[in-house]
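Trainee: The residues making up each chain are set out below.
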Amino acid sequence: MTMNRKWQAKAALAGLAAALTLAGCASNGGANQSEEKAVGEAKANDAPAAAAETSAKAEPFTLQVAVWDEKLKETVQQTFEIYKKDHPEADFKLTVTPVKEYYTKLQTALIGGSGPDLFMMNGPNFNKFASLKLLTDLQPLVEQEQLDTSAYPEGITKLYQYEGHQYGLPYYLGSIGLFYNKALFDAAKVPYPDETWTWETLRANAAKLTDKSQSTYGYIAANDNQSGVYPLIHQAGGSVISADGKKSGLDAPESVAALQFMKELIDEGVSPSAQQQLETAPIQLFGSGKAAMVPGGSYDASTLYGMLGDKLGVAPLPAGKQAGFLVHGSSWVINAKSEHQQEAWEFVKVLSGAPGAELLAKNAINFPAYKDAVALWMQSIPSLDMNAFVKSLEHTAPYPVSKNTAEWQNAIIEEITNGLLGKQSIPDAAAKAASRMNDILAKE
Amino acid sequence: MREIQIRAPEAAPAAAPRAARRTPRGRTVEMWWAYAFVLPAFIVLGVFHLLPAAASLAISFTDWDGLSEIHFAGWDNYAVLLSDDNFGKAGLHTFLYALAVVPISVGLATLVAVLLNAGLKGQAFYRTVYFIPVVTMSTAVGLIWKWLYNSEYGPINAALGFLHLPQPNWLSDSRYTLVSIMIVGIWAAIGHHMIILLAGLQGIPQSFYEAASIDGAGKLRTFFRITLPLLSPSLFFVVTTSVISSLQLFDLVFVMTGGNPALLSSARSVVFNVYEEGFVLFRMGTASAQAVVLFAVILLLTVVQLKLQKRWVHY
Chain Z
1 MTMNRKWQAK AALAGLAAAL TLAGCASNGG ANQSEEKAVG EAKANDAPAA
51 AAETSAKAEP FTLQVAVWDE KLKETVQQTF EIYKKDHPEA DFKLTVTPVK
101 EYYTKLQTAL IGGSGPDLFM MNGPNFNKFA SLKLLTDLQP LVEQEQLDTS
151 AYPEGITKLY QYEGHQYGLP YYLGSIGLFY NKALFDAAKV PYPDETWTWE
201 TLRANAAKLT DKSQSTYGYI AANDNQSGVY PLIHQAGGSV ISADGKKSGL
251 DAPESVAALQ FMKELIDEGV SPSAQQQLET APIQLFGSGK AAMVPGGSYD
301 ASTLYGMLGD KLGVAPLPAG KQAGFLVHGS SWVINAKSEH QQEAWEFVKV
351 LSGAPGAELL AKNAINFPAY KDAVALWMQS IPSLDMNAFV KSLEHTAPYP
401 VSKNTAEWQN AIIEEITNGL LGKQSIPDAA AKAASRMNDI LAKE
Chain E
1 MREIQIRAPE AAPAAAPRAA RRTPRGRTVE MWWAYAFVLP AFIVLGVFHL
51 LPAAASLAIS FTDWDGLSEI HFAGWDNYAV LLSDDNFGKA GLHTFLYALA
101 VVPISVGLAT LVAVLLNAGL KGQAFYRTVY FIPVVTMSTA VGLIWKWLYN
151 SEYGPINAAL GFLHLPQPNW LSDSRYTLVS IMIVGIWAAI GHHMIILLAG
201 LQGIPQSFYE AASIDGAGKL RTFFRITLPL LSPSLFFVVT TSVISSLQLF
251 DLVFVMTGGN PALLSSARSV VFNVYEEGFV LFRMGTASAQ AVVLFAVILL
301 LTVVQLKLQK RWVHY
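Protein sequence lines correspond, in order, to chains Z and E. Under full-length UniProt numbering, the residue at position 22 of the first sequence is numbered 22, and the numbers go up by one with no gaps. Under full-length UniProt numbering, the residue at position 19 of the second sequence is numbered 19, and the numbers go up by one with no gaps.
Mimicking DSS-like on lysine-lysine, the simulated pairs with C-alpha atoms at most 30 Å apart in a straight line are: (1) Z/100 - E/146; (2) E/146 - Z/212; (3) E/89 - Z/105; (4) Z/73 - E/146.
Label-pair ranges, simulated between beta-carbon atoms: (5) Z/133 - E/138: 35 to 41 Å; (6) E/50 - Z/428: 47 to 53 Å; (7) Z/363 - E/167: 37 to 43 Å; (8) E/166 - Z/423: 18 to 24 Å; (9) Z/427 - E/148: 36 to 42 Å; (10) Z/140 - E/40: 47 to 53 Å; (11) E/237 - Z/133: 47 to 53 Å.
Simulated from the structure, these hints should not be mistaken for laboratory data. Positions of the beta carbon are idealized from the N, C-alpha and C atoms, including for glycine.
Could you put together the complete structure from these sequences and hints?
Mentor: And the structure:
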């Protein structure tokens with residue numbers, strides 16, 4: 001909202017400037033737009049001839065961009081510089097809002113008819129935003145320009161389709177792997193994890209790596225949907241949501257088995273308790289050397305490398321009945337009410353296309369959705385072999401979403417947390433989570 | 001509050017020669033001037049407080065989701081509240097919070113104010129220390145306390161461990177979550193109360209104490225018979241505002257639970273519920289209904305306090 005106020009302030013300033021410079025003829029200047037145009041013309045007149053040539057329609061404009069990740073700031077700024085080469089009249093304002101408030105703030109602003117011109121979007125919130133008609137339908141643009149969407153993994157492209165239309169262009173995806181601390185493995189003389197590991201190997205080695213006197217743990221059964229709970233459910237052969245998106249899969253015996261596995265590791269003391277995880281996030285615990293292994297996303301790689309340096313390694317997640325996880329990716333979308341539809345679309349194409357993906361890769365931010373940039377990303381942290389993230393993608397299933405994903409995700413977190421805390425049995429937790437989720441799904 | 005009366009002679013000394021002209025018309029002109037001066041404040045109050053309040057009262061009778069068409073919903077939103085588990089919980093937590101925070105913070109603030117007023121060395125220093133939480137953003141307060149409370153790495157449990165005392169999981173054990181938030185609430189409120197009470201104490205004429213000591217009254221007796229009754233107007237103000245602000249508990253819950261649904265179920269407050277209902281789930285109707293109920297409760301409690309004050313406040 002502040003961002004919007006700033007925007008308004010800027011518009012007002014621009015208007016004021018126009019009114020001042022063109023005081024003679026601007027006596028009837030009512031609409032903001034005409035005043036901004038006036039400023040544009042005034043500038044174009046002053047500008048050197050070279051710039052004037054390119055600015056046949058060069059009205060200065062500002063693109064408001066919103067993301068939830070502080071790490072992205074520089075990368076998006078650099079990508080904008082590339083975009084600016086073709087649009088010298090463009091200006092840009094990036095707002096970073098912590099993810100906890102990001103969607104709340106965004107939805108409030110968009111519903112009020114304001115908000116950023118383009119912004120990042122995730123799977124759990126996409127369907128709601130698209131169904132509320134807050135996003136621009138990109139399908140006509142994609143078809144008209146024959147944009148090649150096969151440059152992205154199919155699952156991620158599909159995640160941002162609503163009623164068969166493309167609404168977002170994929171930016172990065174969250175591949176999940178098993179991070180491990182080489183120093184702790186060396187000290188316990190345990191071989192590093194690899195793709196042969198199963199749940200049983202994990203359990204046995206986690207016990208060897210646990211040192212209660214040092215209060216270090218072998219593994220963290222992370223109470224986190226994307227990196228902890230969903231992958232285990234998938235590996236056990238269960239599902240979070242049925243294929244038609246109408247029913248919860250949490251009460252299926254396979255899903256219960258996955259939660260039971262987490263609870264057992266906690267009870268055996270090889271994993272920090274759910275209580276400890278509520279106070280200190282799993283990635284934080286692992287990064288400060290308190291655990292030998294943690295499941296985490298490709299988006300955690302650069303943070304963890306910053307904390308552990310050369311001690312950091314990553315392997316594919318251990319397999320249960322099957323290997324893999326539910327893959328999620330984020331995309332760029334456009335505000336349906338933005339006044340700069342065409343300009344925003346041009347910038348989205350740069351961000352999600354080769355130039356943006358290459359910067360994303362070089363800066364080691366996250367696994368680029370643009371396939372051709374993946375190789376570049378893999379070299380971005382020289383001492384860390386990130387091959388596991390790429391190989392694991394072969395065994396993935398789509399991320400579970402429906403219209404009100406965020407709402408039922410909260411119900412799942414609450415019930416599973418209470419189960420892991422021991423406030424209710426695991427089968428009860430699964431049953432309650434499933435029934436609350438089904439109630440929400442029934443209302444969609 | 002006292003009414004402010006504007007009288008002609010005081011209003012404009014320069015116009016003294018014309019002071020005699022107290023015609024009804026002159027009075028009206030002055031009235032208009034008075035309104036003109038009040039207007040800017042009134043506009044701000046109107047636009048940012050009165051209008052939204054009226055709007056949410058209206059919205060509470062609709063099914064508005066912030067986007068689609070508005071339909072009249074009658075008393076439906078209020079009926080839903082009766083069976084809403086979360087709202088019941090939130091009401092209970094908020095009530096318990098106020099019940100603990102108001103008396104304890106006012107009690108401790110009185111104690112601190114009396115001690116400071118007694119001419120303690122370094123009075124200015126302590127006054128500043130106690131007042132710091134008041135001028136600190138509550139989000140920052142919440143974040144720092146979250147770290148202090150960390151059961152494994154926080155200094156509170158480190159100290160308790162050193163003394164071989166039990167080390168509870170302050171925030172993540174649902175039995176203590178609300179209590180932990182209350183402690184922060186009390187800590188943060190003391191400074192505000194203390195400053196007002198200190199001002200009240202300094203308004204008590206020294207002669208009362210001299211008379212009391214000549215009559216041979218002890219320290220405790222002087223406190224209960226002289227200090228407390230003469231401090232009662234300040235205490236009344238502090239209690240009333242403190243009740244209102246405790247019932248509006250939000251930031252500490254928001255920050256200290258980190259929005260985790262499992263922790264929230266043992267700490268959600270009414271205003272948090274309003275926020276969640278309105279700006280996370282976009283059910284503006286029920287959110288407004290909850291806000292209206294809270295408003296009614298606060299209004300009622302304040303009226304009751306205004307009535308009761310006649311029995312214990314000495315002006």
